[in-house]
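A.B. asks: Each chain, letter by letter, is given below.
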Amino acid sequence: MASDAAVSQFASFFDRLRRDRDLPPIIPFIMGLAVAGSTAGSDLQQTDDRRPERVNRLVVVNRDEQNMVVIESGSGGIDSLMRQLAKDGHPPASKASIAAMPTVTVAESGRECPICLDQFEVGGEAKEMPCSHLFHGDCVEKWLKVHGTCPVCRFTMPADEEEEPEKKNEPGISVSIFIRATSEESDRIGDSGDSTPSEAAADDDGDHMQS
Amino acid sequence: MVDFARVQKELQECSRDIERSGIKVVPKSDANLACLLGTIPGPIGTPYEGGTFQIDISLPDAYPFEPPKMQFTTKVWHPNISSQSGAICLDILKDQWSPALTLKTALLSVQALLSAPQPDDPQDAVVAQQYLRDYQTFVGTARYWTESFAKSSSIGIDEKVKRLVEMGFPEGRARSALETVGGDENLALETLCSG
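As they're listed, the protein sequences go chains A and B. Just so it is clear: in the first sequence, position 77 is 77 by full-length UniProt numbering, and no numbers are missing. Just so it is clear: in the second sequence, position 193 is 193 by full-length UniProt numbering, and no numbers are missing.
Source of the hints: derived by calculation from the structure; they are not laboratory data.
In silico DSSO-like pairs for lysine-lysine, Cα to Cα no more than 27 Å straight-line:
id, chain 1, residue 1, chain 2, residue 2
1, A, Lys-95, B, Lys-94
2, B, Lys-104, A, Lys-127
3, B, Lys-9, A, Lys-145
4, B, Lys-94, A, Lys-145
5, B, Lys-104, A, Lys-142
6, A, Lys-145, B, Lys-69
7, A, Lys-145, B, Lys-104
8, A, Lys-142, B, Lys-94
9, A, Lys-127, B, Lys-9
10, B, Lys-9, A, Lys-142
Same shape as in the complex, but just chain A (with noise of 0.2 Å):
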C-alpha cells in the first residue's frame, strides 16, 4: 500500500537523519508543533473519500545546522507523530504481558540479575520472561515499559495493540528539509517528500515559529 511505502521510506530517512547527525543536536531545536487547518490536507494524497484530515506538522530547526525539517502526517494525533519518529526501538511490552511474568523462587546462589548486576538472594523473588531468563521485578519491569524485548535474548513480548487500527488509516508522511539560504550553496539537502520549500512557506500559518 501506497501510505505503508511512504511510512518506511520516512523511516529509512529519519534513520540516516539520526545516524549521521545523531538526534540529540536536533531534538532541542523543536520549534514548533502545529496542527494545521483542513486547507492544508488537500497537499496529502488522499486514497479514500473520507473528508480532509487535520494534519499534524512537525517542524524541527537546528539551528547549528541552518536546516529544518518539516514532517508531516495525517491522522491520528501527535502521539502517532511522536510514535512513529521513534518507530526504531522496539515498542513496549504490553501491560498484560508484564503483569502474566511469573514469580519465581531462586534457588541457586552465586546468580546475578543481568540488569542491576546485583546477586539474587537465595530463596529471593525473582520475574521469570516467556524466554526464562530471570531478573529482579522492578529492573525488567522499568525496561520492558519502554522496551519489550529480552535484555539478554531479545525475545520480543507482545505489544499493545490499540495502534494496530489506526495504521490502515494513515494517509502518509511527508518530509522536507530545507537549509536556510545562508551561503550561495545548495538550499536544500534533500526531500522525501512531495512538497516544495515554497509550498512549505506558504503553508506557513504562522503557528509555528520561523527560524
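Start from chain A and add chain B according to the hints.
C.D. replies: Relative to chain A, chain B alone:
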C-alpha cells in the same frame, strides 16, 4: 539518576579482566562516575593494529536503561566513525542497546567494528567512499592515522609539526599537510610552500 552501584561493579569487573581483554574503563574523576574514559587496543590484522584508541564515555541519567554515549577522542580513519568528531555509528549504542550490555561489552563491540567496517551504513561518507572505491588507499590512510594518532610513538609527528611551525606555518596547516603526504616532512614542506 545513573545506577552508580552498577557502574562500580562494571569498573571492578573490567579491571579484573584487563589482561585478557585489553579493554580499560576508568572514571575521568573520582567525583563523577558518569564521565569515563575507555581504551581499546586496535585489533590485530587490521590497519588499527598496534594502536591504542581512547573513547570518551558519558552515561545518561537513565543508564543502564539508555545506552552510554561513546565517542572516539583518538582520531581514527574508519567508515563508521566520524574522522572529524569521533562519533560512532553502531546499533547497540543506539536502538539496539540492552541493559544487559555493559561498558566492557559495548567497547568490545566497538573494537569488533574496527575489524569489520560497514561501509554501507557509514558515519563518515568520505571514508566509506574511499573504502568502497579504493580499498588500498583506505588501508594506507587508516594505517597512517593509527601511526600518527594512536601510538605513543606518534610524538614523531608532533616533532615534525613543531619544526614546520617554527618555520612559520600555522599548526593546523602543517599537520594536515603532513597527513596528506603520509608523514614525509620534505613533501609536506613542498605542499605548504606551493599552497
